Amino acid sequence: MVEQGGWTYSDASAAATWARRLLWADAALSGAAIALALLRGLDPWRQGPADMAIGIGQIIVFIACAFVTLRWLYLANANARALGATDLMGSPGLAVGWFFIPLANLFMPYVTVRDMWKASADPRDWQAASASGAIVLWWVLWLAGNIAGTISLRLWLEYPKEAGDAGEIFSLVSNLASIPAALILAWIIGNIQAMQEHARLKVALA
Amino acid sequence: MGVSVIDGTIEEVVLRRRRKLNSVYDRVMFRLDDGSTKTWGKSVVSNNVADHLKPGVKGRFYLYTAIDHRGIHGLRAADGREVYGFGKQNEIISIVIVVTMTLTTFLSVTVLGHVQLLALILMVLGVPMYFLYRGTRVQAESQFQADSGFRPAAA
Numbered sequence: 158m159v160e161q162g163g164w165t166y167s168d169a170s171a172a173a174t175w176a177r178r179l180l181w182a183d184a185a186l187s188g189a190a191i192a193l194a195l196l197r198g199l200d201p202w203r204q205g206p207a208d209m210a211i212g213i214g215q216i217i218v219f220i221a222c223a224f225v226t227l228r229w230l231y232l233a234n235a236n237a238r239a240l241g242a243t244d245l246m247g248s249p250g251l252a253v254g255w256f257f258i259p260l261a262n263l264f265m266p267y268v269t270v271r272d273m274w275k276a277s278a279d280p281r282d283w284q285a286a287s288a289s290g291a292i293v294l295w296w297v298l299w300l301a302g303n304i305a306g307t308i309s310l311r312l313w314l315e316y317p318k319e320a321g322d323a324g325e326i327f328s329l330v331s332n333l334a335s336i337p338a339a340l341i342l343a344w345i346i347g348n349i350q351a352m353q354e355h356a357r358l359k360v361a362l363a
Numbered sequence: 671m672g673v674s675v676i677d678g679t680i681e682e683v684v685l686r687r688r689r690k691l692n693s694v695y696d697r698v699m700f701r702l703d704d705g706s707t708k709t710w711g712k713s714v715v716s717n718n719v720a721d722h723l724k725p726g727v728k729g730r731f732y733l734y735t736a737i738d739h740r741g742i743h744g745l746r747a748a749d750g751r752e753v754y755g756f757g758k759q760n761e762i763i764s765i766v767i768v769v770t771m772t773l774t775t776f777l778s779v780t781v782l783g784h785v786q787l788l789a790l791i792l793m794v795l796g797v798p799m800y801f802l803y804r805g806t807r808v809q810a811e812s813q814f815q816a817d818s819g820f821r822p823a824a825a
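Just so you know, the sequences run in chain order C and G. Residue 363, in the working numbering, is where the first sequence stops; the numbers in between run on with no holes. Residue 825, in the working numbering, is where the second sequence stops; the numbers in between run on with no holes.
The shape of chain C in the complex, shown without the other chains (with noise of 0.2 Å):
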């Protein structure tokens, strides 16, 4: 059992099996939402029972994705410091409650996403390893999304006769964001993962 400053090494590799597979198909409904709107040339008074089934495809996806992804991270925060990575941020739940406090969610959990690639790399001086650049491109394309998206919905919420075009390119831009951040975070996770369980071998064995 490897354990460190009080934390215990936890399986964390199903949860990050099932992220990404989440996050796999949350990026093909995303492809097959603008196949769709681009097979109606943009418009949004053609949507029919394809594009509602494929909406609400990718809110049962998403919803999965948030919860499955969610308790990764917890796993894997704790699991770096069980390998003896100290004076991490906060703890292993605030680096999932970053996600929902206001303003600070809009550049906390990149902070913490590239922590735990620095502390699963190198655990006993992580502040000396470097991140990937793809934690960056991730969270760009993951506000861009969410941002898009958020304006495409207040449109058809606010103003439903009128956001026509408008709303659908925001959706658009949103879907198209939505691909590459999440196949850019399924491969964070299987990177952070493989690392981790390198890191345990290492201390196991040790």
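Across the chosen pairs, the derived CB separations fall in these ranges:
| id | chain 1 | residue 1 | chain 2 | residue 2 | range |
| --- | --- | --- | --- | --- | --- |
| 1 | G | N718 | C | N303 | 40 to 50 Å |
| 2 | G | E811 | C | I217 | 49 to 59 Å |
| 3 | C | L314 | G | R687 | 41 to 51 Å |
| 4 | G | S706 | C | H355 | 14 to 24 Å |
| 5 | G | R804 | C | G198 | 52 to 62 Å |
Quick partial rundown of chain G residues pointing at chain C, CB under 10 Å, derived from the structure:
| id | residue |
| --- | --- |
| 6 | S674 |
| 7 | R697 |
| 8 | M699 |
| 9 | S706 |
| 10 | K708 |
| 11 | K712 |
| 12 | L733 |
| 13 | T735 |
| 14 | A736 |
| 15 | D738 |
| 16 | R740 |
| 17 | L788 |
| 18 | I791 |
| 19 | L792 |
| 20 | V794 |
Everything labelled a hint here was simulated from the structure, so no lab data went into it. None of these values were measured; they are calculated from a predicted model. Beta carbons: idealized from backbone N, C-alpha and C, even for Gly.
Following the hints, put chain G in place on chain C, whose structure we already have.
Relative to the frame of chain C, chain G by itself:
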């Protein structure tokens, strides 16, 4: 959010900029007694402490983290030097945010008749931020004082 210590020798110091009251470091790297290294990343240090952070200085170093800020607030060197310093800038900024946003919210409700959402969010977030920064400073002071009997082994 917390305090910790490093017992070791400073091996490398990379200063980003020095301001009137404090210095910002890209990194300070320590060589620990077991031969391994530990790096303290981007950190803010009061100038009275920063003046003593030079390669080769051996002793116990007192560190803090608060939200995404980290720093070095104290040093007990093997040659007998003892120094402590903790900037209050973040506490002051937090309280200024709380006061100005409370006034903005009050004025927007009484004069404009509606709530400014951004001001309200900043007002609500400013309160825990203030107590968090203040709590870290108090914790750092207690940590340094509680360790007053410690004398690092001579180099």
